[in-house]
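Given the coordinates of chain A, assemble chain B onto it according to the supplied hints.
Protein chains: 2
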Amino acid sequence: MNIKPVPYICEMLTLSSRGQLMPPSPIRKLVPYAEAAKKKGFKVYHLNIGQPDIETPEQILNAVRHADFKVLEYSHSAGNESYRRKLVTYYKKAGIEVDHTQIIVTTGGSEAILFGFMACLDPGDEVIIPEPFYANYNGFAVAAGVKVVPVTSHIESGFALPPIAAFEQLVTPKTKAILICNPNNPTGYLYSREEMETLKLIVKKHNLYLFSDEAYREFSYVGEPMSAMQLAGIEENVILMDTISKRYSACGGRIGALVTKNQHVLDGVMKFAQARLSPPSFAQILGEAAVDLPDNYFDGTKAEYKKRRDVLVKRLNEMEGVTCPNPGGAFYAMARLPIDDCDKFCQWLLEDFSYNGATVMLAPATGFYGTPGLGKNEVRLAYVLNVNDLNKAMDCLQEALKVYPGKK
Amino acid sequence: MNIKPVPYICEMLTLSSRGQLMPPSPIRKLVPYAEAAKKKGFKVYHLNIGQPDIETPEQILNAVRHADFKVLEYSHSAGNESYRRKLVTYYKKAGIEVDHTQIIVTTGGSEAILFGFMACLDPGDEVIIPEPFYANYNGFAVAAGVKVVPVTSHIESGFALPPIAAFEQLVTPKTKAILICNPNNPTGYLYSREEMETLKLIVKKHNLYLFSDEAYREFSYVGEPMSAMQLAGIEENVILMDTISKRYSACGGRIGALVTKNQHVLDGVMKFAQARLSPPSFAQILGEAAVDLPDNYFDGTKAEYKKRRDVLVKRLNEMEGVTCPNPGGAFYAMARLPIDDCDKFCQWLLEDFSYNGATVMLAPATGFYGTPGLGKNEVRLAYVLNVNDLNKAMDCLQEALKVYPGKK
Chain A
0 MNIKPVPYIC EMLTLSSRGQ LMPPSPIRKL VPYAEAAKKK GFKVYHLNIG
50 QPDIETPEQI LNAVRHADFK VLEYSHSAGN ESYRRKLVTY YKKAGIEVDH
100 TQIIVTTGGS EAILFGFMAC LDPGDEVIIP EPFYANYNGF AVAAGVKVVP
150 VTSHIESGFA LPPIAAFEQL VTPKTKAILI CNPNNPTGYL YSREEMETLK
200 LIVKKHNLYL FSDEAYREFS YVGEPMSAMQ LAGIEENVIL MDTISKRYSA
250 CGGRIGALVT KNQHVLDGVM KFAQARLSPP SFAQILGEAA VDLPDNYFDG
300 TKAEYKKRRD VLVKRLNEME GVTCPNPGGA FYAMARLPID DCDKFCQWLL
350 EDFSYNGATV MLAPATGFYG TPGLGKNEVR LAYVLNVNDL NKAMDCLQEA
400 LKVYPGKK
Chain B
0 MNIKPVPYIC EMLTLSSRGQ LMPPSPIRKL VPYAEAAKKK GFKVYHLNIG
50 QPDIETPEQI LNAVRHADFK VLEYSHSAGN ESYRRKLVTY YKKAGIEVDH
100 TQIIVTTGGS EAILFGFMAC LDPGDEVIIP EPFYANYNGF AVAAGVKVVP
150 VTSHIESGFA LPPIAAFEQL VTPKTKAILI CNPNNPTGYL YSREEMETLK
200 LIVKKHNLYL FSDEAYREFS YVGEPMSAMQ LAGIEENVIL MDTISKRYSA
250 CGGRIGALVT KNQHVLDGVM KFAQARLSPP SFAQILGEAA VDLPDNYFDG
300 TKAEYKKRRD VLVKRLNEME GVTCPNPGGA FYAMARLPID DCDKFCQWLL
350 EDFSYNGATV MLAPATGFYG TPGLGKNEVR LAYVLNVNDL NKAMDCLQEA
400 LKVYPGKK
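Each protein sequence line maps, in turn, to chains A and B.
Every letter in the first sequence is one number past the one before it in numbering that gives the first Met the number 0, and letter 89, counting from 1, is 88.
Every letter in the second sequence is one number past the one before it in numbering that gives the first Met the number 0, and letter 47, counting from 1, is 46.
Treat the hints as calculated values from the structure; they're not laboratory data.
Note that this is a predicted model, so its numbers are computed, not measured.
Be aware that one or more of the hints could be misleading.
Treat identical chains as interchangeable: a pair holds within one or across any two.
[Claimed, not checked] Restricting the straight-line Cα-Cα distance to at most 30 Å, the calculated cross-link-like pairs of lysine-lysine (DSS-like) are: (1) K85 - K37; (2) K391 - K42; (3) K92 - K69; (4) K38 - K69; (5) K375 - K204; (6) K306 - K203; (7) K260 - K38; (8) K37 - K91; (9) K203 - K406; (10) K313 - K407; (11) K85 - K69.
The shape of chain A in the complex, shown without the other chains (with noise of 0.2 Å):
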């Protein structure tokens, strides 16, 4: 031995950089005053996060229950081959032209958003996101080291995408992407046809990736979607980050996908790919049963959601100083309240209030804002409880903004 043991310091074992900056989750920051609610004995209707309640169908849950294997091996670093010729089905009913080979299976549309800024962008780059925008995409830039660039939109609006000069005054050197979620999360807009054909513009001037992340395609209320995929000329510049999670009820299951034409891009995913071995096989059992799932299963959970999204955002408008404007898609709206500060306003929700021995959980917006500020007067409404808890979960925020101290 010819070192002498030292004194063990323990202060000098620090956390990275990126450890230190990453966001916790400003959803799941309000946990704890929850349980503490519940514990006190009253009941909290959870508009805060976007599980589904609708019961995952039982066909898929079935395919799971009765596959026939002895090992529980790795699938292909991909998927599954059969579940991405299946997945090209798929897409081909949404308007999508794909082959199973521009298909990369992914752990959840969680991991196609991190291969996606992983693959494409450097320590550095910047990728413009109109805000208010889903908060875990803080996450994975600190992961990447990508910095998020936020152009804002504003509930006036309805959170329509911003002016495309307002993209053209983001845009610098380092710029590499553009990020949409559309439906979105937050908002619920739905981009239209033309807000798509102009971010193709602003693409095409500055040959930028478009990340397209289209978890809530089937749930759109005006109209057909367009994917990112459709846009004709910048096939090499789209990356459609999808999911199964919120398609089929299956947030447990997590499985994905990253699909795009671009072949370096997909050669250089599949290797982040390869590194991690495979995608959960039992969840892509289901992913795949679910592609045969009948042509009218989403009529039904689309017209729950819309019922659900009509009685929400009937409530919210006819409460006093409260606009919400009317989403076009996804289960999320945004609505801004008569409040000082959200953040404080959610917390006294669970800490200080309750009515008919319930309360109400909401997403504060500032989570969703890039632009320090932004936000404060702002919270998120996931309508993913039936009309009758929907009802009873308005009938709390409305007497709350009766009485809450930072009224305004």
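Only chain B this time, still in chain A's reference frame:
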């Protein structure tokens, strides 16, 4: 519209540097040659990949088949609490004392490695790894921007831990961690208690993280393995990276765990875990059921692997010019062959050789070394086939070595 479309110049869309640097899987690169051999009608004995043929216990598959739920929900980001509490029992039996808050369930061991690198190491930081090492560590290091510094272990000493002086020579101000795999993939080497104590001294002296990949814990043939979690005095430094993949032949489940007593690391990792929402739900059910397998479950699998190891090592050492140390654990062996170049040889086996209508697929050792040029006459063999097939595979190899044009 205030911008004018410009011609689309696809060449400007580039992959990220890490997307380009990311190494393709060295094990999977021979797959097209294996497929071609099969198309020609040859039987290919797969000793190239750590996919066990041992059946996944029926009892744990049944737990998934009979799981009763209506909605396949996200689990807790750290994994189901019921599973984490069960894992405490598992670890206790393995001589590791932790509580459930010190366990974060991950999507395979792969994600535990990625999370550990991401949360603890900054881009440019160095991690020392005894080589030959599991090739995918390279991939996770590229993803995290971390530099792998190999310290060479040698076939002459059976791939024992390199001497402490060899580590000392490589420590720089950038060194932040040592990563070991014990029992080792690809060498099968099982670190002795004395070697673990040596590691402790280095870790303590330089205040490094000790990442310990213990995927093969149960497969040790020379006494009980010592876990890094059992090293007294460096509790804050040790991060265990674990997986159920090999333990229960459940590779496709994609369930692993990151375990540590360092609360800062747990907090940091938890933020990455929240960003990706949750680990797969189905396989958590499987993993939870696995902890209830009878205590003698591993006796059977271990006895089977030991029998295979004995056959494999004996057969290899009987071949002229072949050296194969007897591995103490896991289900891999590294052998030195009388050949010019293992990459060429492994490809030649698939492209140009057959014996009794069959050939054998091996993993070239070059992919497991970080130092260029090392391992050129070594191969890794995974003994994941039954003894009968293993003997036939050894017959092939024996004949191949007689006729290989690049014989040395």
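Each hint tested on the structure:
no.	hint	in the structure
1	K85 - K37	between (43 Å within a copy, 25 Å between copies)
2	K391 - K42	within (11 Å within a copy, 65 Å between copies)
3	K92 - K69	between (34 Å within a copy, 27 Å between copies)
4	K38 - K69	between (44 Å within a copy, 25 Å between copies)
5	K375 - K204	neither (35 Å within a copy, 49 Å between copies)
6	K306 - K203	neither (39 Å within a copy, 62 Å between copies)
7	K260 - K38	between (51 Å within a copy, 29 Å between copies)
8	K37 - K91	neither (46 Å within a copy, 33 Å between copies)
9	K203 - K406	neither (46 Å within a copy, 55 Å between copies)
10	K313 - K407	within (21 Å within a copy, 82 Å between copies)
11	K85 - K69	both (23 Å within a copy, 25 Å between copies)
Comparing the model with each numbered hint stated earlier shows that hints 5, 6, 8 and 9 do not hold.
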